[in-house]
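These protein sequence lines map, in sequence, to chains W and C. Just so you know, the numbering used here puts 335 at position 335 of the first sequence, and the rest follows in order with no gaps. With positions in the second sequence counted from 1, the corresponding number in the numbering used here is that position plus 567.
Hints are computed from structural coordinates only; laboratory data are not their basis. Careful: at least some of the hints might be erroneous.
[Stated by the list, open to error] Simulated crosslink set (DSSO-like; lysine-lysine; CA at most 27 Å straight-line):
no., chain 1, residue 1, chain 2, residue 2
1, C, 647, C, 671
2, W, 451, W, 514
3, C, 724, C, 676
4, C, 671, W, 451
5, W, 451, W, 513
6, W, 411, W, 513
7, C, 676, C, 647
8, C, 724, W, 451
9, W, 514, W, 411
10, C, 676, W, 215
11, C, 647, W, 215
Bear in mind the structure is a predicted one, so any value in this text is a computation, not a measurement.
Below, each chain spelled out in residue letters.
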Amino acid sequence: MTFQGWALILGFVAILIALTKPVGAWLFALYEGRRTPLHVVLGPVETGFYKLAGIDPDEQQGWRRYALHMLLFNAMLMALTYAVLRLQGVLPGNPQGLAGLSPHLAFNTAISFTTNTNWQSYAGESTMSNLSQMFGLTIHNFLSAATGIALAFAFFRGFARRESRSLGNFWADVTRVTLYLLLPLSIVYAVFLIASGVPQTMGGVVDVQTLEGAKQSLLLGPVASQEAIKMLGTNGGGFFNANSAHPFENPTALVDFVQMLSIFLIGFGLTWCFGKAVGNTRQGWAILAAMVILFLMGASVAYWAEAAGNPVLHHLGVPGVNMEGKEVRFGVAASALFAAVTTAASCGAVNAMHDSFTALGGLIPLFNMQLGEVVIGGVGAGIYGFLLFAILAVFVAGLMVGRTPEYVGKKIEAREVKLAVLAIAVLPLFILGMTALSAVTAQGLAGPLNKGPHGFGEILYAFTSAVANNGSAFAGLTASTPWYDGLLGVAMWVGRFFIIVPMLAIAGSLAAKKHTPASAGSFPTTGGLWVGLLVGIVLVLGGLTFLPSLALGPIADHLAMIRGQLF
Amino acid sequence: MNQDLVSAFRPAIAMTILFAILLGLVYPFAMTGIGQTIFPDQANGSLVRDAGGRVIGSSVVGQAFVSDRYFQTRPSAAGKGYDGLASSGSNYGPTSQALADRVKADVAKRRGEGVVGTMPADLVTASGSGLDPDLSPAAAEAQVPRIARVRGLPVAKVAALIATNTGESLFGDPHVNVLALNRALDRMTQ
Chain W
1 MTFQGWALIL GFVAILIALT KPVGAWLFAL YEGRRTPLHV VLGPVETGFY KLAGIDPDEQ
61 QGWRRYALHM LLFNAMLMAL TYAVLRLQGV LPGNPQGLAG LSPHLAFNTA ISFTTNTNWQ
121 SYAGESTMSN LSQMFGLTIH NFLSAATGIA LAFAFFRGFA RRESRSLGNF WADVTRVTLY
181 LLLPLSIVYA VFLIASGVPQ TMGGVVDVQT LEGAKQSLLL GPVASQEAIK MLGTNGGGFF
241 NANSAHPFEN PTALVDFVQM LSIFLIGFGL TWCFGKAVGN TRQGWAILAA MVILFLMGAS
301 VAYWAEAAGN PVLHHLGVPG VNMEGKEVRF GVAASALFAA VTTAASCGAV NAMHDSFTAL
361 GGLIPLFNMQ LGEVVIGGVG AGIYGFLLFA ILAVFVAGLM VGRTPEYVGK KIEAREVKLA
421 VLAIAVLPLF ILGMTALSAV TAQGLAGPLN KGPHGFGEIL YAFTSAVANN GSAFAGLTAS
481 TPWYDGLLGV AMWVGRFFII VPMLAIAGSL AAKKHTPASA GSFPTTGGLW VGLLVGIVLV
541 LGGLTFLPSL ALGPIADHLA MIRGQLF
Chain C
568 MNQDLVSAFR PAIAMTILFA ILLGLVYPFA MTGIGQTIFP DQANGSLVRD AGGRVIGSSV
628 VGQAFVSDRY FQTRPSAAGK GYDGLASSGS NYGPTSQALA DRVKADVAKR RGEGVVGTMP
688 ADLVTASGSG LDPDLSPAAA EAQVPRIARV RGLPVAKVAA LIATNTGESL FGDPHVNVLA
748 LNRALDRMTQ
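Can you make the complete structure from the sequences, with help from the hints?
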């Protein structure tokens, strides 16, 4: 470990904290539906969209209607992508002449991008045409992110509104977030990426004769435009198989740093936006503090483990850090930090191969996802997931002091707690259930590349990543089979929408309640005690459930690694 | 509820089409236009040409160097090595027998070439992309005696090339671009 490595991690967090309020204030303007300076240019696009689609942006929707429109929109987008991927072979924009995808792969990929997971059972360079990348996948990078932020707005309104039946308008939220936040940021970002060496062309393969006289084929394409929103929207689906380890996606250490910042940027801002929405920005800062504590714990362990290196290689006369699966231009600190960021948020982009991390270095990404990706989390999904934990935390605090729990002016009663538990139970139920199923069936056991506990870790990682909607992988697993494409597809769908619907139901129930002013007996939800309670609840509820599975996977792998036992 | 469902179809279908056109076609084509106009070199893959104008690679993507006369690149799991259409890491876990066997063989090979002292970790490990364009300065320095011998150059002159081609960044580790380094080596030999 080096001073520079720690400075990188702490400097990274400091920059994001400095950006929290400006980004949060911009998000709050969109939450309120206020006019922004960008309306001069994009306002006509917004009103044009509403007119063509027959939408009244001021119509107020209750939670059921909000959920219905959200689900139907996502189903349509998914159907579009499924069609584009299946028909790829006959559509234009296909310079490599690639064939259409198989039904199970198209099914898996369409769900994957709709649910903001971006799990990729395929290698981009040999599977996806330029048109599929843009028209089939990039659209989801925007709209699954915008859907997540819209849902967070709806949840905020549940707390902020009093005796109200409505949570806002889904179409207005999605359209404003896309037009006034994601699209303009992506444009600026993509220009920066192109300037730094990320290709942006409609061309295909370029053949070169290397300095040694061999032939090398380089694939070019519309990479920068996809890369920008892949990060900002915590999507993570790479243009190339190697994702952000590929030099065309992530050519320099500076680009790498900006990529990490952009994964967290909106998630940090949303905590401030929440505080503002409920009338006390300290509520937002308290949530952010708990998230940052959880994040730094994970990032530190990952950095320590990767810097300590692999004893198996030390034994073979290669001392020092673990460089298997890592790029020289990033080194271990930036690779470990990236792994912690991408799994704390539900991004899933990788700049190093998690499968080749040391056992404990690989445990951290897995554990981050198992916490439910509420440590900053995916755009929108992170904060509403975290607020579900906050509801349980005030409930636990209420039990201890014997009072009806309250949170930001709303009484938390049996209905909210039941629904929150229902949403949170989705993770262990499906992650552990599907992992167990795959660990005892021939189709499941055909997947892992590595043997021994690490092979089990590959299966566990896949279902964790799918249910948590992350998308990163222990990529040794061969997942493009009907078994894994099918199960993981279902896992991603459940992990997204089985949490969203109870969450919206809670929001609807909260919005209908009266405002309860804080009294002397209320549990304060802004101080250090509250932050500590939040961290504890997330670790206990989210983490403890998975400890036995971690013992069978990475922890057993670690014990084998320090003994030098190979598989 | 049924009424609700039917009335939700029109906005869902219309917004899908409108957004797909804006985000899936207008946005990427506009970025391509901007990129090709302002940064045509980078937008087309940062291609490097030799004195005769022939394209010999990309300055950002790694290519295989296996000859004794050049600084050799890291082991690669991309296809048969540095395959630009098959980027990949090895995905070997920390307790993989296959990883240990590969590293053991590479260490023996490097020692046979006369690499002495600490074995630089990146020299015997595969990168995440299989297309790593760089070596650590230590991994380049370890190859200096071999190159000096094969090319009949003074060791100090070869070693000096590494220092001039090393890139530093606040956000990552020091690295030497192998293609740039080997081109400098060729220019020095001519």
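Comparing the hints with the structure gives:
The suggested pairing of residue 647(C) with residue 671(C) holds, with an alpha-carbon distance near 19 Å, which does not exceed 27 Å. This hinted pair does not check out: residue 451(W) and residue 514(W) have alpha carbons roughly 57 Å apart, beyond 27 Å. Annotation: proposed proximity of residue 724(C) to residue 676(C) holds, straight-line Cα distance about 25 Å (limit 27 Å). For the hint linking residue 671(C) to residue 451(W), the alpha-carbon distance of about 19 Å falls within 27 Å, and the restraint holds.
Straight-line distance between C-alpha atoms of residue 451(W) and residue 513(W) comes to about 54 Å, which puts the hinted pair past the 27 Å bound. Proposed proximity of residue 411(W) and residue 513(W) is supported: the alpha carbons are some 8 Å apart, at most 27 Å. Distance restraint check for residue 676(C) and residue 647(C): the Cα-Cα separation of roughly 19 Å lies within the 27 Å cut-off, and the hinted pair is therefore satisfied. The hinted pair formed by residue 724(C) and residue 451(W) fails the criterion: a straight-line CA distance of about 47 Å is larger than 27 Å.
For the given pair, residue 514(W) sits about 8 Å from residue 411(W) by alpha-carbon distance, which is consistent with the 27 Å threshold. For the hint linking residue 676(C) to residue 215(W), the alpha-carbon distance of about 25 Å falls within 27 Å, and the restraint holds. Restraint check: the Cα-Cα separation between residue 647(C) and residue 215(W) comes to about 12 Å, which is no more than 27 Å; the hinted pair holds.
When held up to the earlier numbered hints, the structure conflicts with 2, 5, 8 and fits the remainder.
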